[in-house]
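Asks: Please take these sequences and the hints and turn them into a complete structure.
Listed here are the chains, written in short residue letters.
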Amino acid sequence: MEGSVRRGGVVFVALGFIFIGLSVRLFAIQVADHEGYAAKRDAHRTGFIDVRPPAGTITDARGEALAVSVAVPSIFRIPPPPTPVVEGPPEPRRHFEWVIRRATDADVARIKGMPGYGVRTEYVRRYPQGTVAAHVLGLRNIDDVGIEGLERSLDRAIGTRPHRGQIEVDALRVKLSYPDPLPGGADVQLTIDLVLQRIVEEELDAAVAQYRPKWASVVVMDPHTGAVLALANRPTFDPNAPVTDPRSHQNLALSAPYEPGSTLKPFIVAGALEEKLIGPRTMIDCEMGLWRHGARVLHDHHPYGSLTVADVVVKSSNIGAAKIGALTLGKLRLRKWASAFGFGRRTGVEMPLEDPGRLVALSRWSEFTNTSVPMGHEISCTVLQLTAAMSAIANGGKLMRPYVVARVGGAEAGRPPGVEILSKKTCEQMREMLAEVVKSGTGQKASIPGVQVAGKTGTTQKVDPATRQYTHERHIASFAGFAPAEDARLCLAVVIDEPQGAYYGGAVAAPVVANIIRRSLPHLK
Amino acid sequence: MKAVRGLMIVVVLLELALIVVFLEARQTRLRYALAKKQEAVRRLTQENRALTLEAAKARRPDELHRRAAQFGLPIGTERGDPRRP
Chain W
0 MEGSVRRGGV VFVALGFIFI GLSVRLFAIQ VADHEGYAAK RDAHRTGFID VRPPAGTITD
60 ARGEALAVSV AVPSIFRIPP PPTPVVEGPP EPRRHFEWVI RRATDADVAR IKGMPGYGVR
120 TEYVRRYPQG TVAAHVLGLR NIDDVGIEGL ERSLDRAIGT RPHRGQIEVD ALRVKLSYPD
180 PLPGGADVQL TIDLVLQRIV EEELDAAVAQ YRPKWASVVV MDPHTGAVLA LANRPTFDPN
240 APVTDPRSHQ NLALSAPYEP GSTLKPFIVA GALEEKLIGP RTMIDCEMGL WRHGARVLHD
300 HHPYGSLTVA DVVVKSSNIG AAKIGALTLG KLRLRKWASA FGFGRRTGVE MPLEDPGRLV
360 ALSRWSEFTN TSVPMGHEIS CTVLQLTAAM SAIANGGKLM RPYVVARVGG AEAGRPPGVE
420 ILSKKTCEQM REMLAEVVKS GTGQKASIPG VQVAGKTGTT QKVDPATRQY THERHIASFA
480 GFAPAEDARL CLAVVIDEPQ GAYYGGAVAA PVVANIIRRS LPHLK
Chain C
0 MKAVRGLMIV VVLLELALIV VFLEARQTRL RYALAKKQEA VRRLTQENRA LTLEAAKARR
60 PDELHRRAAQ FGLPIGTERG DPRRP
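Read top to bottom, the protein sequences are chains W and C.
Using numbering that gives the first Met the number 0, the first residue of the first sequence is number 0, and each one after it goes up by one.
Using numbering that gives the first Met the number 0, the first residue of the second sequence is number 0, and each one after it goes up by one.
Derived by calculation from the structure, the hints in this document are not laboratory data.
Keep in mind the model is a prediction, meaning the values are calculated, not measured.
Hints should not be assumed to be uniformly reliable.
[Said to hold, decoys possible] Some chain W residues flagged as far from chain C (calculated, every beta-carbon gap over 12 Å):
#, residue
1, Ala-42
2, Val-67
3, Asn-140
4, Leu-276
5, Lys-438
6, Val-462
[Claimed, not checked] Simulated crosslink set (SDA-like; lysine to any residue; CA at most 20 Å straight-line):
#, chain 1, residue 1, chain 2, residue 2
7, C, Lys-35, W, Arg-51
8, W, Lys-174, C, Val-9
9, W, Lys-314, W, His-301
10, C, Lys-35, W, Leu-175
11, C, Lys-56, W, Gly-62
12, C, Lys-56, W, Asp-186
13, C, Lys-36, W, Val-173
14, C, Lys-56, W, Val-194
15, C, Lys-36, W, Ala-60
16, C, Lys-36, W, Val-194
17, W, Lys-174, C, Ala-24
18, C, Lys-35, W, Thr-120
19, C, Lys-56, W, Ala-60
20, C, Lys-56, W, Ser-176
21, C, Lys-36, W, Ser-176
22, W, Lys-174, C, Arg-42
23, C, Lys-35, W, Ser-176
[Unchecked claim] Using C-beta positions, here's what the derived DEER-type ranges look like:
#, chain 1, residue 1, chain 2, residue 2, range
24, W, Asp-104, C, Leu-13, 53 to 59 Å
25, C, Arg-28, W, Asp-41, 19 to 25 Å
26, W, Val-10, C, Leu-33, 50 to 56 Å
27, C, Arg-41, W, Pro-245, 33 to 39 Å
28, C, Arg-25, W, Gly-115, 38 to 44 Å
29, W, Phe-26, C, Lys-1, 31 to 37 Å
30, W, Phe-26, C, Thr-44, 27 to 33 Å
Using N, Cα and C, we set each Cβ at its ideal position, and we do this for glycine too.
Replies: Set out below in structure tokens:
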């Protein structure tokens, strides 16, 4: 009995030691070495994957693709770790390096099985419309970062950044999950109408071929909303093959301010009408083509005696406009109205590098400025600003902020509200005057059968950089207008810098306007 | 009686354990299936983008004109053509 108790005690002690040993080991695994074992476990079931969703697709107002990202393979290499050297400094450790970006299938086949080489999916941006709307869209660089145009300004919404996502894998490294997509990669719908855009580009090309200008630009807007329907510049570039003259990449319509010349006159007259200082039938003495104002002598192209305010616009009298600006409105109101139409500040359109133009500050405003600004000198604006200002007359008095982005990621991008600057009556009076410009004035070549076009021509002398004087050798021909005059569907401005062979806005820019309106209006109906 | 009760408890616990294992296995199978579908979605999205690009290129007026001309069917897509608006 005693012997069996002793044996039992030995067994109990032995089991106790085993239990204590197991407990110690368990403690070591579960508590002391927990992190090490947990890391091993995670390493077995965790993998990483390079995630970069493609940049969002950009479409026109009707859903036609303008920019699409497509997957392409790129070949990389991770060199093997350096062999240990006995003497000398250790060889620096080398890391990931690209071998071929945007490789072909043949390249991929060639490196298959080669140690240290691998294939990673990248996205390349393609612009299926070629040069069409190139300045609006801009482009992305080889790392898929937007560097110009909307690709740049909307990069945060449509672009994405490289990201290594954690995934779960099984023992054979088969993926059991995918990481959640990162923010970005949103599709964007523009207000640009591809049909109108093509018409504008074709007409601009025809004008460039005929007049060989330094540059040319057209903006077409919906005057009621501010939606930019088309925007084109020459020179231009193909975003699919962007290695061209960098100057051709400049979006001149919003980054190249110029003196608008006579296209500014309607806004000064509209200001004076709105202030009720004049009426359309008020007579202005145009001094038979020569007016001395202080130290300045002004001329008209044709000598006019007394003209009505309406005729000052229709015949584009410099003296008439200068008198309305300098004498009727005066310095403060003149500047106020130029500013009210948006001159001297950015419109806020979504595209980058917009220039505010130049509106002389009151502190630097001189006697010359009083007569220069009403004729569109000593003030500079962009083609987009001019179109937006003309839209305010076309739509009944609201200055709309131009915009090109309609929807981002399926949600409305938010239409900016307009600012009421003119009464309906003033707009009606201005519309009649501007329609008369096309009917019987300087803009007759903008007329088209069956549609009343309204607008204003501009022929601006440029400053010779050598003499710093206005020269008769270089001009900017322009036309800003809208159609149909009574209920405008589109508003546009055409600006052609230094045309060869002809230079009047009515001869060079007005026919371009007529062609664009004639071809576009049926499409809008 | 006690032994029967004990046996029943063991049986119930075993059944519960089996259910848990079955659900785990089913979850794993579903995760494999889901991962496959996600991969398919990714591939099809890429394909869709490539096709969108091809379709947009094919609808370009100059492309339509070129193809029409190939078949001897001028369709008036060029500027100044009276058949074009």
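Asks: Against the structure shown, which of the earlier numbered hints fail to hold, in ascending order?
Replies: Checked against the structure, the hints that fail are numbers 2, 8, 15, 16, 20, 30, while the rest are satisfied.
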